[in-house]
Amino acid sequence: MAAKKETDVTWKDLEIGSIVVEPGSAEQYATGGWRSQRPVYDNSKCNKCGLCFIYCPEGCIRPQEDGYYKPDLFYCKGCGICAEECPKDVITMVEEEE
Amino acid sequence: MAKRVGMEVSLAIGEAATLADVDVVAAYPITPQTHIVEHLAELVANGDLDASYIPVESEHSAMSACLGAAAVGARTFTATAGQGLELMHEVLFVASSMQLPVVMTVANRALSAPLSVWGDHSDVMAARDTGWIQIFTENGQEVFDNVLCAFRIGEDRRVLLPVMVHLDGFHLSHMIEPILIEEKEKVDKFLPKNDYPLPLDPDKPVSMGTFAPPVIYSEAKKAQEVNLAASKDVVVECWEEFYKMFGRRYQPVESYRTEDAGVLLMTMGSYSETAMAAIDKLRDAGQSVGLVRLRLWRPFPTKELRRAVKNAETIIVFDRALSLGGQAGPVCSEVRSTLYGEAQKPKVVNIIGGLGGRDVTVAGFEEIVRKGVAMAEKGSDQEFEIYGVRE
Amino acid sequence: MSENYIKFGKRQVTTEEYLAPGHRACIGCGEALAMRLAFKALGPDSIVVCATGCMEIISSQLPWTSWRVPWIHTIFENTAAVASGIEAGLKIMKQKGRKPDKKINVVANAGDGGTSDIGLQALSGALERGHDFLYICWDNEAYMNTGIQRSSATPYGASTTTAPAGKRSIGQVTWKKNMPAIAAAHNIPYVATACPSYPFDLMEKVAKGAAIDGPAYVHIFSVCPTGWRCPTDQTIEIGRLAVQTGVFPLYEIEDGKYKLNVNVAKRKPVEEYLKPQGRFRHLSEKDIKYIQDRVDKEYTGLVEKVERGKK
Numbered sequence: 001m002a003a004k005k006e007t008d009v010t011w012k013d014l015e016i017g018s019i020v021v022e023p024g025s026a027e028q029y030a031t032g033g034w035r036s037q038r039p040v041y042d043n044s045k046c047n048k049c050g051l052c053f054i055y056c057p058e059g060c061i062r063p064q065e066d067g068y069y070k071p072d073l074f075y076c077k078g079c080g081i082c083a084e085e086c087p088k089d090v091i092t093m094v095e096e097e098e
Numbered sequence: 001m002a003k004r005v006g007m008e009v010s011l012a013i014g015e016a017a018t019l020a021d022v023d024v025v026a027a028y029p030i031t032p033q034t035h036i037v038e039h040l041a042e043l044v045a046n047g048d049l050d051a052s053y054i055p056v057e058s059e060h061s062a063m064s065a066c067l068g069a070a071a072v073g074a075r076t077f078t079a080t081a082g083q084g085l086e087l088m089h090e091v092l093f094v095a096s097s098m099q100l101p102v103v104m105t106v107a108n109r110a111l112s113a114p115l116s117v118w119g120d121h122s123d124v125m126a127a128r129d130t131g132w133i134q135i136f137t138e139n140g141q142e143v144f145d146n147v148l149c150a151f152r153i154g155e156d157r158r159v160l161l162p163v164m165v166h167l168d169g170f171h172l173s174h175m176i177e178p179i180l181i182e183e184k185e186k187v188d189k190f191l192p193k194n195d196y197p198l199p200l201d202p203d204k205p206v207s208m209g210t211f212a213p214p215v216i217y218s219e220a221k222k223a224q225e226v227n228l229a230a231s232k233d234v235v236v237e238c239w240e241e242f243y244k245m246f247g248r249r250y251q252p253v254e255s256y257r258t259e260d261a262g263v264l265l266m267t268m269g270s271y272s273e274t275a276m277a278a279i280d281k282l283r284d285a286g287q288s289v290g291l292v293r294l295r296l297w298r299p300f301p302t303k304e305l306r307r308a309v310k311n312a313e314t315i316i317v318f319d320r321a322l323s324l325g326g327q328a329g330p331v332c333s334e335v336r337s338t339l340y341g342e343a344q345k346p347k348v349v350n351i352i353g354g355l356g357g358r359d360v361t362v363a364g365f366e367e368i369v370r371k372g373v374a375m376a377e378k379g380s381d382q383e384f385e386i387y388g389v390r391e
Numbered sequence: 001m002s003e004n005y006i007k008f009g010k011r012q013v014t015t016e017e018y019l020a021p022g023h024r025a026c027i028g029c030g031e032a033l034a035m036r037l038a039f040k041a042l043g044p045d046s047i048v049v050c051a052t053g054c055m056e057i058i059s060s061q062l063p064w065t066s067w068r069v070p071w072i073h074t075i076f077e078n079t080a081a082v083a084s085g086i087e088a089g090l091k092i093m094k095q096k097g098r099k100p101d102k103k104i105n106v107v108a109n110a111g112d113g114g115t116s117d118i119g120l121q122a123l124s125g126a127l128e129r130g131h132d133f134l135y136i137c138w139d140n141e142a143y144m145n146t147g148i149q150r151s152s153a154t155p156y157g158a159s160t161t162t163a164p165a166g167k168r169s170i171g172q173v174t175w176k177k178n179m180p181a182i183a184a185a186h187n188i189p190y191v192a193t194a195c196p197s198y199p200f201d202l203m204e205k206v207a208k209g210a211a212i213d214g215p216a217y218v219h220i221f222s223v224c225p226t227g228w229r230c231p232t233d234q235t236i237e238i239g240r241l242a243v244q245t246g247v248f249p250l251y252e253i254e255d256g257k258y259k260l261n262v263n264v265a266k267r268k269p270v271e272e273y274l275k276p277q278g279r280f281r282h283l284s285e286k287d288i289k290y291i292q293d294r295v296d297k298e299y300t301g302l303v304e305k306v307e308r309g310k311k
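So the protein lines, in turn, are chains A, B and C. First residue of the first sequence? That's 1 in our numbering, and the numbers climb one at a time after it. First residue of the second sequence? That's 1 in our numbering, and the numbers climb one at a time after it. First residue of the third sequence? That's 1 in our numbering, and the numbers climb one at a time after it.
Simulated from the structure, these hints should not be mistaken for laboratory data. Quick caveat, the model's predicted, so the values are computed rather than measured.
Here are the simulated lysine-lysine pairs, PhoX-like style, with alpha carbons at most 25 angstroms apart:
1. K5(A) / K221(B)
2. K5(A) / K204(B)
3. K193(B) / K96(C)
4. K303(B) / K232(B)
5. K189(B) / K94(C)
6. K96(C) / K186(B)
7. K310(B) / K378(B)
8. K91(C) / K204(B)
9. K91(C) / K184(B)
10. K204(B) / K103(C)
11. K5(A) / K222(B)
12. K99(C) / K193(B)
13. K222(B) / K4(A)
14. K184(B) / K96(C)
15. K7(C) / K88(A)
16. K12(A) / K222(B)
17. K204(B) / K12(A)
18. K221(B) / K4(A)
19. K96(C) / K204(B)
20. K7(C) / K70(A)
21. K88(A) / K10(C)
22. K184(B) / K99(C)
23. K48(A) / K7(C)
24. K99(C) / K189(B)
25. K204(B) / K102(C)
26. K12(A) / K221(B)
27. K193(B) / K103(C)
28. K193(B) / K102(C)
29. K204(B) / K94(C)
30. K275(C) / K297(C)
Kindly produce the complete structure, drawing on both the sequences and the hints.
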């Protein structure tokens with residue numbers, strides 16, 4: 001079901017009561033297409049405080065193996081909260097070229 | 001050991017719910033259903049019924065709480081009447097379209113205004129399209145039996161739908177009748193435990209009640225309609241099993257002395273028993289007349305009705321509710337619609353009565369048959385007649 | 001699912017996202033952020049009831065779902081009633097041995113409309129009956145999902161689409177309904193206010209409310225850039241200003257005793273909070289003074305309650 005396009009779903013495909021059984025299946029939707037600006041990180045300034053991870057409404061800034069953080073541009077809507085709240089000015093919002 | 005008890009029908013409902021080992025009761029009191037919910041509360045308070053009794057603050061919350069309970073797999077029961085059924089109206093649609101099995105007895109009551117606590121079918125007729133399975137009963141034993149059947153039908157994995165069991169307010173709910181309370185062992189054999197396939201459970205997270213944009217809403221509705229229509233077979237199968245086990249038979253459409261009847265009277269609910277007495281008297285007087293009773297109201301028993309009225313010339317549909325501004329009472333409209341495409345169809349006339357608890361006697365039904373026959377023969381300047389109104 | 005955590009001082013915050021990214025909340029949505037954080041505090045052993053509203057619409061478009069915990073939405077005004085049924089169902093099934101005796105958080109979520117307006121009856125009933133559940137009001141101060149219409153939680157002077165500012169009107173002419181006080185009047189064990197600008201305070205309160213036996217009510221201030229007409233990157237800052245001006249104080253009421261969590265010694269003038277928001281743009285100096293006076297009065301009253309509680 002997660003892989004199917006909504007226009008391909010027939011009435012027989014639906015579960016009882018139209019219950020959706022795959023948790024988080026909406027994660028296949030690329031909200032990254034919404035943004036007009038994207039965050040760019042300069043990790044040389046970063047102290048790994050993790051506040052960007054906390055404050056992202058999408059939950060798309062993820063901790064990396066090395067302890068730094070990286071935004072997942074598949075989801076990032078470009079709100080700019082991370083850049084605004086970062087105490088070390090690690091993040092700059094850059095206009096998306098069309 | 002099954003025991004025959006003289007018991008108020010409302011209380012017998014509590015006994016049935018106890019035998020069914022109901023888990024959750026969420027109900028709000030309203031005349032004439034109050035004895036049902038009071039007795040249930042008593043059964044819980046005394047430990048006769050091991051259930052969570054939620055004294056909700058309105059009928060809207062009663063049905064909503066029932067949805068929640070059903071969603072986690074609890075066997076759920078409630079009861080209401082009249083205005084209460086209307087207050088929970090929007091939630092009724094949700095219960096059926098989300099396929100959450102709840103059993104509800106409705107002590108059918110007239111709708112305001114003017115305020116009436118007495119019985120008629122206006123409350124249930126306003127709930128026709130809510131997607132519930134709906135069963136009508138004629139006496140106390142039928143109520144008791146069908147509450148048990150309702151759990152089995154609604155929770156069946158091929159169905160998973162909420163079920164209403166209708167009983168006439170006061171005329172049934174408050175009558176003391178001899179009722180055979182079946183024994184627990186037999187009921188346990190007849191009624192399997194509730195095993196809802198996709199309950200809300202952290203071990204297997206599902207999302208219930210997602211919203212549907214235009215691109216997918218129609219698919220959801222078709223799935224719902226197909227399921228409700230198919231549930232009729234499960235209802236019939238359940239009644240067959242009930243008959244095998246307990247010896248009492250229920251059918252979607254029941255006929256009384258219709259074999260060679262040219263004229264058929266049609267009723268639903270407790271008035272059917274009065275009507276049967278009238279049919280006997282008319283038959284004794286030589287009239288070729290019979291009685292057809294609709295027991296299964298939803299899903300509508302189209303095939304069974306067509307078969308039951310096949311050889312009649314006239315059907316007199318007695319409605320216990322108006323469809324204000326419409327062309328006939330609700331049952332009559334549906335009967336006409338069912339028969340419209342038939343090559344051979346009887347004349348269908350409509351008499352509406354018994355509103356707001358007004359009695360119809362045996363003599364009254366005899367008169368209704370006379371009136372109906374006259375309407376069929378001579379026509380009427382009205383689409384339908386209201387019986388017994390003081391002009 | 002193996003859980004990973006990030007350490008913040010002595011605290012741990014899970015990296016699990018129970019509200020999956022890819023949800024359709026507006027850019028910069030404070031409510032989605034708060035919900036994401038709340039569910040990190042609640043964990044996977046939760047059953048979530050959701051009212052019709054922003055959080056429901058952005059997360060549950062058939063045939064998909066953003067939820068990674070069991071979740072149910074029915075209609076707008078019955079959240080607390082559905083939660084009551086879930087709680088009662090779980091309780092009796094555990095009692096009858098049909099479910100393991102494991103703690104499952106029953107969490108009811110509704111917006112300010114679904115709580116202080118259309119949902120008030122169901123909430124009052126559930127609180128009075130003492131069900132063991134957590135009720136969270138997601139307050140973005142209007143019916144945002146349907147187009148920024150006023151609710152009884154809309155603050156005085158805010159312009160909404162059904163109470164717009166105009167030549168003859170200031171917008172909202174009534175003061176914001178005090179829902180935490182209404183909840184507390186039901187004598188429930190725990191009431192709290194929270195704001196995602198103070199994320200750890202929020203997560204602690206949600207966890208506390210869920211753990212407590214009986215009904216708990218948490219009121220979460222949700223900055224809405226779309227409806228409040230402010231820049232999308234100001235969500236956290238505006239929430240912070242709400243707390244620091246005393247417009248939205250952070251406090252708890254435990255068994256009737258008030259406790260201030262963030263005691264702002266010298267509150268910032270409310271104007272600092274009002275100015276960045278387009279919904280207040282039309283306010284005159286006189287209006288702002290009225291708001292300042294009222295906020296002062298309310299805050300003083302709150303501090304008095306806190307002091308009384310200490311005795």
